[in-house]
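Trainee: Below are the chains, spelled out letter by letter.
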Amino acid sequence: SQTIHQWPATLVQPVGSPLSLECTVEGTSNPNLYWYRQAAGRGLQLLFYSVGIGQISSEVPQNLSASRPQDRQFILSSKKLLLSDSGFYLCAWTDRGGETQYFGPGTRLLVL
Amino acid sequence: QKEVEQNSGPLSVPEGAIASLNCTYSDRGSQSFFWYRQYSGKSPELIMFIYSNGDKEDGRFTAQLNKASQYVSLLIRDSQPSDSATYLCAVITGYALNFGKGTSLLVTP
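Quick note, the sequences are listed as chains A and B, same order. For the first sequence, the working numbering gives the first residue as 91, with consecutive numbering after it. For the second sequence, the working numbering gives the first residue as 1412, with consecutive numbering after it.
Since the hints were derived computationally from the structure, they do not count as laboratory data. Everything hinted at is true.
Cβ-to-Cβ under 8 Å is the rule here; a few derived chain A residues that face chain B: (1) Asn122; (2) Leu136; (3) Pro195.
In silico lysine-lysine, DSS-like type, Cα no more than 30 Å apart, as pairs: (4) B:Lys1512 / B:Lys1478; (5) B:Lys1453 / A:Lys170; (6) B:Lys1478 / B:Lys1413; (7) B:Lys1413 / B:Lys1512; (8) A:Lys169 / B:Lys1512; (9) B:Lys1453 / A:Lys169; (10) A:Lys170 / B:Lys1512; (11) B:Lys1413 / B:Lys1467; (12) B:Lys1512 / B:Lys1467; (13) B:Lys1467 / B:Lys1453; (14) B:Lys1453 / B:Lys1512; (15) B:Lys1453 / B:Lys1413.
Quick list of the computed label-pair ranges, beta carbon to beta carbon: (16) B:Gly1470 / A:Gly187: 23 to 31 Å; (17) B:Glu1426 / A:Gly187: 35 to 43 Å; (18) B:Ser1443 / A:Gly131: 22 to 30 Å; (19) A:Ser119 / B:Tyr1506: 12 to 20 Å.
Ideal Cβ placement from N, Cα and C applies to all residues, glycine included.
Chain A with its partners taken away, still in its complex shape (with noise of 0.2 Å):
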């Protein structure tokens, strides 16, 4: 069965600092992978999707980037954090030519 992890769980970041948030997935090959952002008190924002290791998307223009070193490896990184990027971010996954979509635990980022 598939499974998809991602860490850190939770994490507090001071303004400026960089961030790297890594998700996985297993028991699948060639995913599409996302990245959605869950602001307090807003909906799902889609961030970033791949449809293979080194094709992303980008969504929403902003501090943060996104890519896909392997096959079933997601990063999401920025440079320097903003107060804004506090939030609820989840990683998803379908396989190739699916939609339906399946979330990680997600990690919540507060940036003080």
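Chain A is fixed; fit chain B onto it per the hints.
Mentor: Structure of chain B alone, referenced to chain A:
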């Protein structure tokens, strides 16, 4: 901007009653619709999806889709306190899901 709209609630129903959650969407070309449940502090989990007009039943859950009116709903029969959560409606837009902000459901004992 393609919108997915939900009433934020909270929707309060007594235990054992039917909870009815509604969602409207703006993209008339949408073909696939999903309902997720999200407990406080947790990630969304898939309840069910629906592609065709009409009803789709899975246990205590029934999804209803009306493409002409551009709405999708979720009925929860015999509601339990454990059903208390936020319910997210999502619509496929290109490669990704476009989510509503969710409806908060409270089932009171």
